[in-house]
Amino acid sequence: MKTFLPLNRNLTQRLGFGLLTAMTLATVTPIIAVIAYIIIQGAPAISLEFLTSAPYNGMRNGGIMPAIVGTLYLTIGTAIFSVPLGVAAAIYLSEYAADTWLTRTIRIAIINLAGIPSVVYGLFGLGLFVLFLQFGTSILAASLTLSIMTLPVIISTSEEALRAVPQSFRTVSISLGATRWQTIRRIVLPEALPGIITGIILGLERAAGETAPILFTGAAFFLPRLPGSPFDATMALPYHLFVISTQIPEMPFQIQYGTALVLIAFVLGMNLVATVIRSRARAKRQW
Amino acid sequence: MESQLTWQEFIVTRVIKASGYSAIVFVALIFYFLLREGLPTLAEVPFGNLFSTRWYPIEEYYGILPLISGSLVVTFGAALVAVPFGLGTAIFISEIAPRWLREILKPLVELLGGLPSVVLGFLGILVLSPYLRVLLDLPTGLTALAGSLLLGGIAVPTVVSVAEDALDSVPRSYREGAWALGATKWQTIWRVTLPAARSGVLTAVMLGVGRAIGETMTVMMVTGNAPVLATKLSSIFSPVRTMTATIAAEMGEVANGSVHYHTLFFIGMVLFLISLAVNITASAVVFRQQKRSERVLS
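Taken in order, these protein sequences are the chains called A and B.
Going by the working numbering, the residue at position 191 of the first sequence is 191; the numbering climbs one at a time, nothing skipped.
For the working numbering, count along the second sequence from 1 and bump the result up by 1000.
Simulated from the structure, these hints should not be mistaken for laboratory data.
Don't take each hint at face value.
As the list claims (entries may be wrong) - Distance ranges between label pairs, derived from CB positions:
#, chain 1, residue 1, chain 2, residue 2, range
1, A, Q134, B, Y1174, 54 to 62 Å
2, A, Y96, B, R1099, 36 to 44 Å
3, A, R104, B, L1080, 50 to 58 Å
4, A, S47, B, S1258, 14 to 22 Å
5, B, R1054, A, R14, 33 to 41 Å
6, B, P1171, A, R186, 19 to 27 Å
7, B, R1133, A, T275, 33 to 41 Å
8, B, S1199, A, R186, 54 to 62 Å
To be verified - Chain A residues, not near chain B, derived (Cβ > 12 Å throughout):
#, residue
9, I31
10, I46
11, F169
12, R180
13, L193
14, G209
15, F231
16, S245
Stated by the list, open to error - Here are some of the chain A residues that sit facing chain B, going by a computed Cβ distance under 7 Å:
#, residue
17, G136
18, P166
19, L215
Keep in mind the model is a prediction, meaning the values are calculated, not measured.
Beta carbons: idealized from backbone N, C-alpha and C, even for Gly.
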């Protein structure tokens, strides 16, 4: 049996706490450093011209407008498919599903969808959307691929938001004669909306930053003009950053850092919006 | 009343139910397409070739062992970074940090989870690998080590959030009981809280490792992409190539339906099965945990 003198116990605690504090610092400091470094290195590249013109001279000059617009298109395309499906699935799990083996299978499927490597989504999108359904390498195929990847994030955060609505709200509504769907649409959904929106933005944020799923489903190396229809391929910010940092020799650093800055501004901007919506809703909540 | 269901209600209910089942459909579809495009490899490539140590598709060498070993080396290195630092941070946030600090640290770690992996790969090329090359006096900084360090960073948010949840769900009375018996905060963490949360902590480690093995862009950009079988410990200082990076780098250039194409899908299938195994085990642990806590509470 080990016995410790009080002094030893306190010393151990101090050492332990010191170690954990150091580890936390070692984890958190690089995060801040990475973001600060990209802002400092990338800021000089940012100009109106950089944001609004197309690249030229083998992408070594000019701006990144087609990539910005492409990422917007892909994000919107992903939202069109994943938001209705994801929110409906969350409503099913929270409001309809009983705890059966089928529901448990759905939950395991969602956990698995969340864990599938992004490049495997790319393969799947290539196999199903690009080749089997013959959408070609297109915004449509890439958006569909990203939607399925985004689905688990939207489902699990929306379900959590729906479950947070107190059960008494539903009981009262049903006892006043409302149907189940009326209760969901008029009572539960409005209460859960901020949480659902937060989940949607977090899911889309991930989709906007992903490269591997769009590599073979919709990303274009270089396009002189903007895509004209959902069946065209498109440039995209993450893929563009990959291209200019690995595929093009003598690429000016400034454009690389500028592109990285625009990408993290896009993604972390969405993150910020989601965080603000969440904390505001929490502050306003009366139950 | 149920008999007064309108048509609208009927249709909406059906649509919602169908959406609920969609996750199962998608997992099945993904598996089906990976099998459909990947299994022909087993007929086209002799077994001895497929499980050999040489990956050189142009000359029809399709040995996937170097790719698997590359993934293992990088993932193992990433786990060495992500597990201690992730768990340390989770314990700090959940057990030690005052409330205001927790409110700062949690979003910061989430921020790391939101950073696109291509951005980390980009910094890996420009900043980390030149630094490692000089520091360790290597011929190139684009090594498994660079990949492991960055991948560790990518896995940290997963480990932290899952482990923090697990620690958070340990009832407060456990800690109070330990304190009342005269244990210090440190002893309580080490001997009461952590053991009580162990299955959640294990899940955190597994999901973190699963996240690392599936990561693509960062490893493709910083590990140097040399398909060499890793045989010794020092392999971590040389270039390697992972399964994910191979698919991402080569899929764009192969002819649809070729042997090479099928083999890349076969590798995708292996990755899918690995993630399936990790996630099913992790969720089994979670479900069992829930059942036990329900028993305790009832």
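Against the structure, the hints:
1. A/Q134 x B/Y1174: 54 to 62 Å: 58 Å Cβ-Cβ, so the 54 to 62 Å window holds.
2. A/Y96 x B/R1099: 36 to 44 Å: At 37 Å between Cβs, range holds.
3. A/R104 x B/L1080: 50 to 58 Å: violated (34 Å)
4. A/S47 x B/S1258: 14 to 22 Å: violated (45 Å)
5. B/R1054 x A/R14: 33 to 41 Å: violated (54 Å)
6. B/P1171 x A/R186: 19 to 27 Å: violated (37 Å)
7. B/R1133 x A/T275: 33 to 41 Å: holds (38 Å)
8. B/S1199 x A/R186: 54 to 62 Å: 40 Å Cβ-Cβ, so the 54 to 62 Å window is violated.
9. I31: The claim is violated: A/I31 sits with its nearest Cβ about 5 Å from chain B, within 12 Å.
10. I46: holds (16 Å)
11. F169: holds (19 Å)
12. R180: Violated: least Cβ distance 8 Å, not greater than 12 Å.
13. L193: holds (17 Å)
14. G209: violated (3 Å)
15. F231: holds (18 Å)
16. S245: violated (5 Å)
17. G136: violated (12 Å)
18. P166: Because about 20 Å separates A/P166 from the closest Cβ in chain B, which is outside the 7 Å limit, the hint is violated.
19. L215: holds (6 Å)
The structure fails hints 3, 4, 5, 6, 8, 9, 12, 14, 16, 17, 18 (numbered hints given earlier, in ascending order).
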